[in-house]
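**Student:** Note that the protein sequences, when read in sequence, are chains H and F.
Oh and the first sequence: position 96 is 96 in this note's numbering, straight run, nothing missing.
Oh and the second sequence: position 241 is 241 in this note's numbering, straight run, nothing missing.
What the hints contain is simulated information worked out from the structure, not anything from laboratory work.
Incorrect hints may appear among the rest.
Short derived list, chain F residues pointing at chain H, Cβ under 10 Å [what the hints assert, rightly or not]:
1. F87
2. G122
3. S128
4. L129
5. S204
6. A208
7. E209
8. I290
9. Y291
10. A296
11. G330
12. W375
Dumping the calculated SDA-like pairs for lysine to any residue here, alpha-carbon to alpha-carbon at most 25 Å [as the list claims (entries may be wrong)]:
13. H/K38 - F/W375
14. H/K29 - F/A97
15. H/K59 - H/F116
16. H/K2 - F/A97
17. H/K59 - F/S133
18. H/K55 - F/T93
19. H/K40 - F/A116
20. H/K59 - F/A135
21. H/K29 - F/N374
22. H/K40 - H/A25
23. H/K55 - F/N56
24. H/K29 - F/A326
25. H/K55 - F/S145
Even for Gly, the Cβ is constructed at its ideal location relative to N, Cα and C.
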Amino acid sequence: MKTAQEMKPNSVMLIEGQPWLVQKAEFTKSGRNSAIVKMKLKNLLSGSSTETVFKSEDKVEPVILDRITVSYSYVSDGVYVFMDEDFNQYELSAEDIESVLPYIVDGMTDECEAVFFEGKVISVDLPTTIVRQIVYTEGSARGDTSGKVMKSAQLSNGTVVKVADFCEIDDWIEIDTRNGEYKCRAKAPV
Amino acid sequence: MPNRWDLFCRVIDNYGDIGVSWRLARQLVVEHGLDVRLWLDDVVAFCRIYPAADPNLCVQHHCGVAIHCWSEDCSGVEAADVVIEAFGCELPTQYIAAMTARERPPLWLNLEYLSAEAWVEGCHGLPSLQANSLAKYFFFPGFTSKTGGLLRESSLIQRRKDFQSCEEHKARFLQDLGVQWSTASQLISLFSYENAGLSTWLASLANAERSSHLLVPEGRILADLANYLGVARIHLGRPYRHGALSIQVLPFLSQDNYDRLLWACDFNIVRGEDSFVRAQWAGRPFLWHIYPQEGAHLIKLDAFLQRYCEGLSPDLRVALKACWLAWNQGQNCPASCFSLIGAAPVLAGHAERWCGRQMALENLADSLVLFQQNWL
C-alpha cells in the first residue's frame, strides 16, 4: 500500500477492483485543514474521468505498471505519437498525456517512458528535468542577477513558465516536470 | 421517521472544534427536524461551553441533541443516514464497519476547517473514493457560493440587531456580568491566544485620548495580561486601570453569552474558528488571531484579508492588514493602528456590509442538508 500523496501523475491505483490512472495530483496543506491531495483520475476500464480528494495519508493500492523507453515523434490530428527503439509506434491523446503536455515540443529528444497497463499504453512520463528554449520574454525589468525575481517566458509550444528575471529570448533553461518550475539556465542540448 | 445524523468531534486543544460541532448539531435539530447524535471524546470540554451538561454521563440530551461519549468500542452502534467527521477526525473502525453493513450505505462527510483560500472552492463537495463502497465527500465551509458557507442560525442576525438597537439590553447584560464601565468608553473584547506583543497594544490604549474598557473572558491570554498589569494573579471581575484603559476579566462565557458580548462591544479580538465566525455575524470591527501553525496560518490569514478588505480604501486596507499581521506575529502595536482608530465609523459600516454579504449565502447547516438531498 502507498499513501495518496505518494501517487504521482501516470501512476495507477486499484479502488474496488477498478484501475484508476492519476492524470493530475495537487497537494494542499493549509493551516489546521487536513493535508489533502486533489486528483483527476481516469478509469482505465470504462474510460470515464472523475475528480476526487484524498487525505494525504489515506492508504491506496498501487498497480505496478510496465514501462519502456520511447521518444516523441510527432502529433497529428490531436494524436501524439511516440516510438520505441524497435520503431514501434504508440499513440496517445492529449488527455492521456495531460500532465506532460506543456513540455511536448517538436524536435524534443528527451528519453521518455511509455506506461502500460495490461499491455495497453496509457500515458507517457518525461524525465524529471528537461531542457527547453525560451522563444519570448520581456527584457529584464530590474536588472536582477540573483535569480530571485521572476518573470514569464514562453516556450516554442506556447507554454508559459516563470523564469529568472535575467533570462533572455533564445536562452535554454532547465524545468522540473514535477511542478513546472524553472531550475536554472542550461546549455543547448546536443 | 426523521433523517438520522451522526456527528463525530474530537476536542483538540481549545473550544473551537466542539463549539462548531455543538452549534451545527443544535441547528440541524431545531431548524431541520433531524435526529442528531453528537459523539464527543471530551465531555468535560463540552461542559465548559454548555454548563448544563453533566461530565459524568455517557449519554445525555440537550436542546434535542443526543450527546454521546465517543469510545473506540462502537460495537452494537447502528450507523446513521448521514455521518459527519468534523475536522478530519478519524471514525472508529467498528463504526465504519457498521456503515458498510447498512443496506443503503450512509452519506459520509468530512467537514473541514474554514478557509478563505481559493483552492477550497475546487475541493468543496468532491468525492473521496473509498475501498469499502462508502460514499465519502469533502465539505468545506467558506465565504463564497462555491463553498458550504458559514454556520448561522436563521434568527441570529435579527436577535443581534434587536440587542444592538436597545441600549437597555446591552446595559443589563453587562451589569449581569458585573462589568463596571463608563458609557464614554469604547468597549473591546479580547479572546485570543498568547501574544508576546500584548503589552505594547495595551499601552497604546492606555495612552490614547479616548478611554477604553477591555473585557477579557478567561482564556490563554491571561498570563500575558497579568504580565502587563504587573500582577501575579488576576482576579475575576476586578477592574484594573492603566491610564485611559480599564481591564476586567470575565468568567468563561457560554456560547450565547459570548455572542452577546461580541454584540455589545465596539471592537472584538477573536481567535480560532468559532469566535471568528461569530464576530463576523456581530457586525462589528474585529481582529482575528488565527490558530498558529508553522507559518501556513499566515497564508490563510492573508486569504481572508483579501476578501474582507474588498471595498475598503487602499490606506485602510494597508493599515488593517498591518495590524492583523503584527498581532498574529506577536509584534508590537504598529503605528497604523492609530489610523484605524480614527476610521472606526468607516470600519463599523464595513463590518456590517461584510455581514450582509455573507448572510446572502447559504448557511453551513442548510448547505449540508441540501447536499444530502441532492445526493439522495
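**Student:** Hints broken by the structure, by number, lowest first?
**Tutor:** 5, 6, 7, 11, 12, 14, 21, 23
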